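Dock chain B against the given chain A, drawing on the hints supplied.
Chains as they are written, first to last, in this note's numbering: chain A, 1 to 479; chain B, 1 to 479.
Treat the hints with care, as some may be off.
Each computed BS3-like pair below joins lysine-lysine, with the alpha-carbon atoms no more than 30 Å apart [said to hold, decoys possible]:
1. B/Lys85 <-> A/Lys105
2. A/Lys318 <-> A/Lys303
3. B/Lys136 <-> A/Lys309
4. B/Lys105 <-> A/Lys38
It is worth saying that the hints were derived from the structure and are not from the lab. For clarity, every value in this text was computed on a predicted model and none was experimentally measured.
2 protein chains.
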Amino acid sequence: MSEQKKMVEEITSRDTDFARWYTDVVKKTELVDYSSVKGCMVIRPYGYAIWENIQKDLDARFKATGHENVYMPMFIPESLLQKEKDHVEGFAPEVAWVTHGGGEKLAERLCVRPTSETLFCEHYAKIINSYRDLPKLYNQWCSVVRWEKTTRPFLRSAEFLWQEGHTMHETAEEAKAETLRMLEVYRDFYKETLAIPVVWGQKTEKEKFAGAEATYTVEPMMHNGVALQGGTSHYFGDGFARAFNIRFSGRDNTLQYPHQTSWGVSTRMIGAIIMTHGDDSGLVLPPRVAPIQAVIVPIAMHKGGVLEKAEEVAASLKERFRIKLDATDNSPGWKFSEYEMKGVPLRIELGPRDIEQGVCVLVRRDTGEKTTVSLEGLADTVAEMLDNIHDSLYNRALENLKNRTYTAHDYDEFLAIAKEKSGYINAMWCGDEACETKIKEDTGGVKSRCIPFDEEQISDVCVVCGKPAKHHVVFGRQY
Amino acid sequence: MSEQKKMVEEITSRDTDFARWYTDVVKKTELVDYSSVKGCMVIRPYGYAIWENIQKDLDARFKATGHENVYMPMFIPESLLQKEKDHVEGFAPEVAWVTHGGGEKLAERLCVRPTSETLFCEHYAKIINSYRDLPKLYNQWCSVVRWEKTTRPFLRSAEFLWQEGHTMHETAEEAKAETLRMLEVYRDFYKETLAIPVVWGQKTEKEKFAGAEATYTVEPMMHNGVALQGGTSHYFGDGFARAFNIRFSGRDNTLQYPHQTSWGVSTRMIGAIIMTHGDDSGLVLPPRVAPIQAVIVPIAMHKGGVLEKAEEVAASLKERFRIKLDATDNSPGWKFSEYEMKGVPLRIELGPRDIEQGVCVLVRRDTGEKTTVSLEGLADTVAEMLDNIHDSLYNRALENLKNRTYTAHDYDEFLAIAKEKSGYINAMWCGDEACETKIKEDTGGVKSRCIPFDEEQISDVCVVCGKPAKHHVVFGRQY
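Excised from the complex, chain A in its bound form (with noise of 0.2 Å):
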């Protein structure tokens, strides 16, 4: 009964209000539920499913490039948290401190880790003694917490679950390396998993994360042309191994500082999911980490030999898919509302006509398409159809990014574009922050997303001041 009561129509249009409409999907396909700590989530298992499908697919990538994971306490003391002075002043305004344990006000109190630099640096500090122990490759799945002041699930909450790989290199070409290989771990996830494109490039000074030498980034955009950060990758140089003393005796026997990264992507990429690819009834999910990927509707269910048909094509699917066989009482209206607001790839139609015929209905989440096909080889048509499922959603917000891709030679046409449309602007930059927080004050949050790889020659000066431009930079809001 109570499950009835969901009704697809309760979801607010996307171009009506499209906060408003996230917000609805999010609460309503049950991926998350509010918690009574102000800014944490529930994440509920529908939402959990896919989480542990984006981990399982991107631990395989971690480990199959080197890297082995650990785990590093929660607690950062506050003098192991100050020991890198940029990263502690980025820090250190949102952490929350642990002041009493065990009934007792503690001697030096601890914050919850809001990422763990100095901690695996305690640790690298004590284990690498020379060239022949790097490079350490770890990688870390665990929460972290940011006190923020606005939060919404998935996007930006108090807590939240990511993975942080930090490592440690002889040379700094060899960190360097490892920075943008990571970051391309990232973009071809995005894109081979997510069905998300991103444009991907350098951070600006301004920003970087707090503590490195460079930040890279993959930036994808969200349905409306809103920005999501959605993986960062840095180079630190040896900045933290000489605030914690770490140091190896190198191949030429001297005392020398290794090199090092970290890169950290988020339970944020749900939210990418969600903004990327859904639409006005719902949910859509890519095909490879949707928790069901194929749903099973029997028709006239009380039919002799329908409801066992529709077990044994599950059962025979089961094998290569992620399978959800719907046999409630629920009407086959309902399940049709029901799986398409879950956003379930494809969805399987059996009835009576259709088993005689040797035949079943798929039906695509993407396009709503209806194709009739043999229950032979069933197997093989599902996998092709959910391959083009990927590819047909990876086609349209590649579409969407360009459509919603504007490019600025002047400042009026920059600011006349941050007024009118959402999207991303590329434009030249001179390299001076005081442009880029002009441009953020006159336009009301368009920053700089990155420097990207593949940089453009759209003028020779800078989009705000007019002094020779250093760079093409794409601009955009953000989430």
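For chain B alone, coordinates are given in the frame of chain A:
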């Protein structure tokens, strides 16, 4: 170079000092490192890989029994923790409190979860409305914090990793069945995956979980005769449901309280593995969770064809097993000691003469036994030998458990055993908490482990007070 510093001889022998042996093993085999947060540990790659194998196996068992994973916030507001009286009394003394966040003092302090009953109940109150919403079978993998005074890696630490299942059922019978089903999952996992036999049964009132109606436990015995509480499963009745006002409309349309369970195991299981199977040479890992199931050590590696053949053998085994080929320039003797210390179940030696003859030498970690076997069908031979090692580890531990299990018919006998022997003591008990307390005081720490499922009638009277006996109880010291 730094790796070569590790010497097997540095491990204290078990008979000399078991506690010291344990600490030596966890440090020297690089399972953990200490951190600057008292009582919190760094789980290093070799230790974390064991945990990943444990997780993968258990998670599949949970899903096969119908459970879904979720993620709850890591913080519990003080008012929420206080909703169930017994529960807060049990946990409040050992929690860590967050009092400040984002630069401000919080209106209400938050504890870092020591366990998540209260959070699950808050959520269940919102999502359970009808008998159709039941059962809810949720599990969570996360870290929890209990501010312990005395800590030891894996056995007792301020922060540890675990899973906590929390389920809600329509009837008491269903919830009781779930409680026992999950205990059986743990017992079977200990036996079939960790090769560890357990004593199992119900905790006495004194030893049950804060807020539970009944607690069940699996209690493996460590090599030295000391118990480790290896996993618990709790039946809550409807106590939390009443405290949190979780109600559903039943089949008869009346409002009812659901019946609840919770169950958990933690990284403490890695401590159980170490202390059950380890020996004076270091770790002995059960094959089904060993990060490396077999290590290939090439002999006379400089000779033509040896390394190539070793790589070929490694490649042929990697599909079915977790294999490491050690082709470093350390000596074979050094490698033998290293992987022996690290507890790798099987060593595969491959030299020029072996290759000529189409054979290799298999050396078992548990017995040291060497066998020359054909390279043809090697994967099947390895599979069979790993199964043999598993069985032999289990049987060795079972024999230790039997050898160290005693029966006390009267209190003098009980005290004599408690003084002279280390192990489990079977005895009769009247059901009075005072007698448990007396035993603990008189023996300096022997406590009831459980009322075993297969109770025996050792005598008619309580071993302490001589009043009529109610139960057979297994007693023992614990970690």
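Do the hints match the structure? See the list:
no.: 1; hint: B/Lys85 <-> A/Lys105; verdict: holds (24 Å)
no.: 2; hint: A/Lys318 <-> A/Lys303; verdict: holds (24 Å)
no.: 3; hint: B/Lys136 <-> A/Lys309; verdict: holds (29 Å)
no.: 4; hint: B/Lys105 <-> A/Lys38; verdict: holds (14 Å)
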